[in-house]
Structure formats: structure tokens, C-alpha cells
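Undergrad: Listed in order, the protein sequences are those of chains Y and W.
Numbering of the first sequence is given in the numbering used here, commencing with residue 1 and proceeding in unit increments.
Numbering of the second sequence is given in the numbering used here, commencing with residue 1 and proceeding in unit increments.
The reader is advised that the hints may include incorrect statements.
[Said to hold, decoys possible] Pairs of lysine to any residue residues, derived as SDA-like cross-links and limited to a Cα-Cα distance of at most 25 Å, are as follows:
{"#": "1", "chain 1": "Y", "residue 1": "Lys87", "chain 2": "W", "residue 2": "Val172"}
{"#": "2", "chain 1": "Y", "residue 1": "Lys87", "chain 2": "W", "residue 2": "Lys150"}
{"#": "3", "chain 1": "Y", "residue 1": "Lys104", "chain 2": "W", "residue 2": "Trp250"}
{"#": "4", "chain 1": "Y", "residue 1": "Lys126", "chain 2": "W", "residue 2": "Ile18"}
{"#": "5", "chain 1": "Y", "residue 1": "Lys87", "chain 2": "W", "residue 2": "Thr87"}
{"#": "6", "chain 1": "W", "residue 1": "Lys241", "chain 2": "W", "residue 2": "Val172"}
{"#": "7", "chain 1": "Y", "residue 1": "Lys126", "chain 2": "W", "residue 2": "Ser174"}
{"#": "8", "chain 1": "W", "residue 1": "Lys173", "chain 2": "Y", "residue 2": "Gly72"}
{"#": "9", "chain 1": "Y", "residue 1": "Lys87", "chain 2": "W", "residue 2": "Trp250"}
{"#": "10", "chain 1": "Y", "residue 1": "Lys100", "chain 2": "W", "residue 2": "Ile166"}
[Stated by the list, open to error] Away from chain W, derived, C-beta distances all over 10 Å, residues of chain Y:
{"#": "11", "residue": "Met77"}
{"#": "12", "residue": "Glu124"}
{"#": "13", "residue": "Asp190"}
{"#": "14", "residue": "Glu214"}
[As the list claims (entries may be wrong)] Partial selection, computed: residues in chain Y whose CB lies under 10 Å from chain W:
{"#": "15", "residue": "Ser75"}
{"#": "16", "residue": "Gly122"}
{"#": "17", "residue": "Lys126"}
The hints are simulated quantities; they were obtained by calculation from the structure and are not laboratory data.
Here a beta-carbon is modelled for each residue, glycine too, at the ideal position from N, C-alpha and C.
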Amino acid sequence: MANLVTKDITKCFDGKTIIEEINIELNDKELVSLIGVSGAGKTTLFNTISGLISPEQGQVLLDGEDITGKTGKVSYMLQKDLLLPFKTIEDNVALPLVLKGTKKKQAREMVRPYLREFGLEGTEKKYPAQLSGGMRQRAALLRTYLCSSGVALLDEPFSALDTITKRSMHKWYLEIMDHIHLSTLFITHDIDEAILLSDRIYLMTGKPGRITKEIAIKTPRPRSEEFLLTEEFLAYKREIIEALKLG
Amino acid sequence: MTRKFQNIINKGSYLVAIAVILLVWQGVCTYEVVPSFMLPSPVDVWKAFVGDFGLLMMHTKITLIEAGIGLFLGVVLGVVIAVLMDTNQMVYNACYPILVITQTIPTVAIAPLLVLWLGYDMAPKVVLIVIATFFPITIGVLDGLKSTDKDTLNLLRSMGASKVQIFYHLKVKSSLGAFFSSLKISVSYSIIGAVIAEWLGGFNGLGVYMTRVRKSFSYDKMFAVIFLISLISIVLMLLVKEVRKKCMPWEQV
Numbered sequence: 001m002a003n004l005v006t007k008d009i010t011k012c013f014d015g016k017t018i019i020e021e022i023n024i025e026l027n028d029k030e031l032v033s034l035i036g037v038s039g040a041g042k043t044t045l046f047n048t049i050s051g052l053i054s055p056e057q058g059q060v061l062l063d064g065e066d067i068t069g070k071t072g073k074v075s076y077m078l079q080k081d082l083l084l085p086f087k088t089i090e091d092n093v094a095l096p097l098v099l100k101g102t103k104k105k106q107a108r109e110m111v112r113p114y115l116r117e118f119g120l121e122g123t124e125k126k127y128p129a130q131l132s133g134g135m136r137q138r139a140a141l142l143r144t145y146l147c148s149s150g151v152a153l154l155d156e157p158f159s160a161l162d163t164i165t166k167r168s169m170h171k172w173y174l175e176i177m178d179h180i181h182l183s184t185l186f187i188t189h190d191i192d193e194a195i196l197l198s199d200r201i202y203l204m205t206g207k208p209g210r211i212t213k214e215i216a217i218k219t220p221r222p223r224s225e226e227f228l229l230t231e232e233f234l235a236y237k238r239e240i241i242e243a244l245k246l247g
Numbered sequence: 001m002t003r004k005f006q007n008i009i010n011k012g013s014y015l016v017a018i019a020v021i022l023l024v025w026q027g028v029c030t031y032e033v034v035p036s037f038m039l040p041s042p043v044d045v046w047k048a049f050v051g052d053f054g055l056l057m058m059h060t061k062i063t064l065i066e067a068g069i070g071l072f073l074g075v076v077l078g079v080v081i082a083v084l085m086d087t088n089q090m091v092y093n094a095c096y097p098i099l100v101i102t103q104t105i106p107t108v109a110i111a112p113l114l115v116l117w118l119g120y121d122m123a124p125k126v127v128l129i130v131i132a133t134f135f136p137i138t139i140g141v142l143d144g145l146k147s148t149d150k151d152t153l154n155l156l157r158s159m160g161a162s163k164v165q166i167f168y169h170l171k172v173k174s175s176l177g178a179f180f181s182s183l184k185i186s187v188s189y190s191i192i193g194a195v196i197a198e199w200l201g202g203f204n205g206l207g208v209y210m211t212r213v214r215k216s217f218s219y220d221k222m223f224a225v226i227f228l229i230s231l232i233s234i235v236l237m238l239l240v241k242e243v244r245k246k247c248m249p250w251e252q253v
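Next comes chain Y alone, as it looks inside the complex (with noise of 0.2 Å):
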């Protein structure tokens, strides 16, 4: 079980508020996606959530137990990959677990399958600088994983890739979501990979930033790419776009 609401959460700085009430919720296994235009607050909420910085009002809930505030409980991803020049792919991955005190020997043996899982066998005792960019995308994927109690927070994480890399990364993704148990929330600014990977949608816009709308997208997962081309994506899209213009 892992679930995961914010309630009426406000965030200012200097005086200004950035977001105001915003009232989320995502249920186990599930991928939730955050668009909006630039500006309206997305990554503030994400450092909300992930307790880096503290809300003016408002609580963060995970099972039921009062996060607000507090770091180490979900895991969090930003744009770019982050992992550290100097430290193998197995070390890079292993990290969260060695910082919660498991012995570094340990934790490489406990990754090892799961390196093997997301595509990534051959490359433990690579330097990040050696992997491409897809790989090194899957790589902090799987830190961010092992570091989650089931929630995980990605701000863009695929927006730094070329368009090639992205739809295979989309398409992997899509796949590995089945077997691991992970619920996500997921910051996007391109509309096609939201209806493709989430269940539902929130949108977010305004100044300070509010939740403006949701969308559930009801096609069965795992989508394929095809799902792209339907008239039922087209008219999901249709209605983001709108909202948005709305906003």
C-alpha cells in the first residue's frame, strides 16, 4: 500500500503565493500526471511534497501518516539524472540504501537483480559518463525506485532526451510499471506522453498555481504506441487543450 494526498496545501515565498489549496490524490499502483504551463508552481509542489521546504498551510499524508515537512519518505527525480560523476552505476544506484546504513557491499549485492531488471546488466562498474542518455535516465529511474517507501515524484524526467530516446524510454516504462510496485506522480509538459502513461491527469494553472482540472484516462494499461494515433487520444487531448487555454 502506498497513497499519497495533500490537503489544502499553500506554499509562498516572499509574500507571494505560489501555490494555493492544492488538494491531490494518488493511490497505490497508480500514475498520476501534474501538466501546466510554466510557472504555475509544479516543481514547488514536488519540493512540498518531498519535504525540501515547508508549506505555509496544509499537510502531506502518505498511508495516512503526516509527511509534511519531512525528507527520506518519497523518493524524488528531477529533470536531469543526477547521479554523481564519481561513483559507479552500481554505487549511484545503491546509494539510497547506503545512506539509510546498509554496508556498501551489501547494498551492491541487494541491486544487482534489479540492475538486471531495468536493462542496465554490463554497466555496474561503468561511470555514469560512459552510459548514454536513456541509460543513464533508466539508472536514476531505478535510484529514485529503490529509494521510495512506493512513492515517487518525477519532475520531467524524460524531457532532457531526443524524441528517439524519449518513445523508447515511454515504451520501457510502460513495461516495467507492471512489475514493480510503485506509485507515481509525474510532472510533464508534453501532453502525449501523459495520456499515454497515466491513469489520470491533473492540470494545473494560474497564478498562484491551482489545480484547474482532472482527467481520468480510462484506456486499459499497458497502452501501446498505437494508442497514439486513436480517436480516443485525440479527444482526451482535445480537452487538455482546451482546459489549458482556459487556464
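Keeping the supplied structure of chain Y fixed, place chain W upon it in accordance with the hints.
TA: This is chain W only, laid out in the frame that chain Y set:
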């Protein structure tokens, strides 16, 4: 084939330049453009070097020991100050101006004072070397620690890492590059520092040897010892480069 040849020429061009300088120098001496008591020829310098080899090595050993102890203490002091300044803003504000002031005092000016206070043995030399070497280390390491990537720092914090863990897992290795760049400077400062300290008083060391040959107007020996000192510095700098490669394998990929 031509490109390869070009490459060799490019890489070896410094050897050619040095050879040209030596030839011109030898020519100037052989045809007595400059009187030989003022400028010894490269051949004379080489002869002086070979002739005094045993003596030079004995002095080199002393200078290297002084430089080694001074550099070690300087590096330790430099790193400790940098870490303290990075972790505590008050320490930073308090120390920074003093650090800069220590560097504006000419080494040659304080050396006699150090001799007066600490005598003719090892102590004044080591202190002078520490003063000369800790500063580049402090500045370099501090810069390295401060320039740690903010996003990565936040990521580790979001994983629940403590300050000590962030220091150990992120900051230490992030600042390693800056540390080695500073060490390269400090290594050559340590040799120069040792020699200057020896000029002003002492019984052994390359600086002492230098003072003696100058007083006896043996300029061939003077040149020999100058070249020896710069050779030692070069070798030590190359050594730092090798150690850096060993310590930072991720830079090699």
C-alpha cells in the same frame, strides 16, 4: 602518415625549442659574446652538475624532507580550514581577511624573523613552507566544496541524507579536482619555500648550497643547482598528476 608525423612534431616541439635555446646559449659562450665568468656555458653547467653530484644529492635530500613535512602540514591545515569555512559561515567571515593578509606578506620578509624566533634547524623552514602552501589548498578546496551541485545536494537531502553523509558521499569527491589543481601549485611553492628559508640560515639544503656557490662566484654550480630545483618541481608536479589519475578514475573515461 603525414598526419602522424605532424603529430609527433607538434608534441615534440618543446624539445626542439629547448635544444635551440641550449645551442644559442652554447654559441654565445663559445664565441665569448658574454664573458665566461658571467655566463657559464651549458657544457660547463653540466660538468659542474656531474662534479658536485654527490654533494647536490645530499642537499636535495634535506630540502625534500623539509618540503615534504611542510607540504604535508600545509595540506592538512589548508583542508581543515577550508572544511571549517565551508561548514560555518561565521568561521568563513572571520578567517577570510586574515588568510588574504597572510598571503600579502612577502615570504622573503618573514623568513629572517622565523630564523630569529625558531633557530637554524628544521623548524623555521617548515613553518615558512606551511605558510606558503596552505593558502592555495584552502582556496581551492573551499571553492570545490562551495561549488557542489545544488540539485544533487537537494536530491541527497530528499533521500534523507544527513550533513555528514552529504559531506562524505558528495562534497569530498566533488572538490577533489580543485584539491589536486591546488596541490600542483603548492608542491612547487614547497620547494621554493624551502630554498628561500635555507638562504637565510641553515647548515644543509639546496638553498644553503646556493648561497655558498654564489659567495664563491661559481656561477656554473649556481646554474646547476637552479636547474636541479626546477627539475625537482617538474617531477613532483608530474607525480601529482599521476596521483590525481589514480584517485579520480572517473576522469579517465
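Undergrad: Now, for every hint given, state plainly whether the structure supports it.
TA: Results for each hint:
1. Lys87(Y) / Val172(W): holds (12 Å)
2. Lys87(Y) / Lys150(W): holds (18 Å)
3. Lys104(Y) / Trp250(W): Cα-Cα ~19 Å, so holds.
4. Lys126(Y) / Ile18(W): With Cα atoms ~42 Å apart, Lys126(Y) and Ile18(W) exceed 25 Å; violated.
5. Lys87(Y) / Thr87(W): Holds. Lys87(Y) to Thr87(W) sits at ~24 Å (cutoff 25 Å).
6. Lys241(W) / Val172(W): holds (18 Å)
7. Lys126(Y) / Ser174(W): holds (18 Å)
8. Lys173(W) / Gly72(Y): Measuring from Cα to Cα gives roughly 23 Å; hence the hint holds.
9. Lys87(Y) / Trp250(W): Roughly 8 Å separates the two Cα atoms, so the pair holds.
10. Lys100(Y) / Ile166(W): holds (13 Å)
11. Met77: Non-interface label fails for Met77(Y): nearest chain W Cβ at 8 Å, not farther than 10 Å.
12. Glu124: holds (14 Å)
13. Asp190: holds (21 Å)
14. Glu214: holds (26 Å)
15. Ser75: Because about 7 Å separates Ser75(Y) from the closest Cβ in chain W, which is inside the 10 Å limit, the hint holds.
16. Gly122: Hint on Gly122(Y): violated, closest Cβ of chain W at ~15 Å, above 10 Å.
17. Lys126: Constraint on Lys126(Y) satisfied, holds at 8 Å.
Checked against the numbered hints listed earlier, the structure breaks hints 4, 11 and 16; every other hint is satisfied.
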